[in-house]
Amino acid sequence: EAGVTQFPSHSVIEKGQTVTLRCDPISGHDNLYWYRRVMGKEIKFLLHFVKESKQDESGMPNNRFLAERTGGTYSTLKVQPAELEDSGVYFCASSLLEGQPQHFGDGTRLSIL
Amino acid sequence: AQSVTQLDSQVPVFEEAPVELRCNYSSSVSVYLFWYVQYPNQGLQLLLKYLSGSTLVKGINGFEAEFNKSQTSFHLRKPSVHISDTAEYFCAVSRTGGGNKLTFGTGTQLKVEL
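Sequence lines, in order, name chains X and L. If you want this note's numbering, it's the 1-based position in the first sequence plus 97. If you want this note's numbering, it's the 1-based position in the second sequence plus 26.
Simulated from the structure, these hints should not be mistaken for lab results. Quick caveat, the model's predicted, so the values are computed rather than measured. Hints are supplied without guarantee of correctness; some may be wrong.
Stated by the list, open to error - Pairs of lysine-lysine residues, derived as DSSO-like cross-links and limited to a Cα-Cα distance of at most 27 Å, are as follows:
#1 Lys75/L x Lys138/X
#2 Lys151/X x Lys75/L
#3 Lys95/L x Lys112/X
#4 Lys137/L x Lys112/X
#5 Lys75/L x Lys148/X
#6 Lys75/L x Lys141/X
#7 Lys137/L x Lys141/X
#8 Lys112/X x Lys138/X
Using the sequences plus the hints, can you model the full thing?
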C-alpha cells in the first residue's frame with residue numbers, strides 16, 4: 098500500500114508570503130495528524146483530524162495557521178502570512194484507529210527567508 | 027500532560043558494539059510508548075511500540091526496548107550495531123484511552139563508526 102505522501106518536499110518562501118502544504122494519508126486512515134520540528138527542538142504536535150473534523154488543535158501556534166481536510170481524505174496546512182519562526186520540518190502522519198501506531202510521511206522542509 | 031526526556035543528544039559507537047539509547051517519560055496517566063527512527067532525508071519509521079503485556083518489546087532491525095514502569099523508562103537497545111543503523115532515534119508517548127497525539131523527546135543521533 099502507498100504510504101503517507103507529503104508535498105512539496107521543500108519550500109523556500111519570503112516572510113509575508115503564503116504557503117500551503119499538502120498531506121495524503123494512507124487510504125482508509127481516518128486519523129490524520131500534523132507535527133512540526135523546529136531546528137534543534139523536539140517534534141511537536143499541531144493538530145489531529147478524525148475524518149474531516151478537527152479532534153484536537155491544541156498545538157496550532159497561532160491563527161496564521163489553517164488546516165483543512167475537506168471530504169476526510171487529504172489535508173492541507175496553510176501558513177499566511179509566513180514568519181521567520183515558522184521555518185522547520187512539517188510532518189504528517191495517519192493511523193487507522195486511535196491508539197494504533199502512526200505512519201509518517203517524509204515531511205516538508207519549510208524555509209522562510 | 028506528558029513529557030519525554032532523551033538524555034543523550036548524540037551517541038557515537040563502533041560497528042558491532044552494543045548500544046543503549048535512553049528514554050524517560052513523565053505522565054499522570056497511562057501511556058503507550060514508541061521508538062521511531064529517522065534515516066537521513068527520510069520520514070519517521072516505527073521501530074517498536076509498547077501498548078500492554080510483556081515489558082520487553084522486540085522491534086525491527088534487531089532493536090528491542092524494555093518498559094520499566096517504576097523507573098518510567100523505555101530504553102532502546104541493540105546488541106550489535108551496523109553502519110546502516112546511523113540515524114536519529116526518537117522516543118515518544120501517547121496517552122491511552124483516546125486522542126493519541128504523540129509527545130516526542132528531542133531525539134538521539136546515533137553515529138556508528140568503523
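For each hint, the structure was consulted:
1. Between Lys75/L and Lys138/X, the direct Cα distance comes to roughly 23 Å. Compliance with the 27 Å bound is thereby established for this hinted pair.
2. At most 27 Å may separate the alpha-carbon atoms for a hinted pair to count; Lys151/X and Lys75/L meet this at roughly 26 Å.
3. A distance of roughly 46 Å separates the Cα atoms of Lys95/L and Lys112/X; the hinted pair therefore is violated under the 27 Å criterion.
4. Distance check on the hinted pair: Lys137/L and Lys112/X sit about 35 Å apart at the alpha-carbon level, beyond 27 Å; violated.
5. Distance restraint check for Lys75/L and Lys148/X: the Cα-Cα separation of roughly 25 Å lies within the 27 Å cut-off, and the hinted pair is therefore satisfied.
6. For the hint linking Lys75/L to Lys141/X, the alpha-carbon distance of about 19 Å falls within 27 Å, and the restraint holds.
7. About 24 Å separates the Cα atoms of Lys137/L and Lys141/X, which keeps this hinted pair within 27 Å; it holds.
8. With a C-alpha separation of about 21 Å, the suggested pairing of Lys112/X with Lys138/X holds against the 27 Å cut-off.
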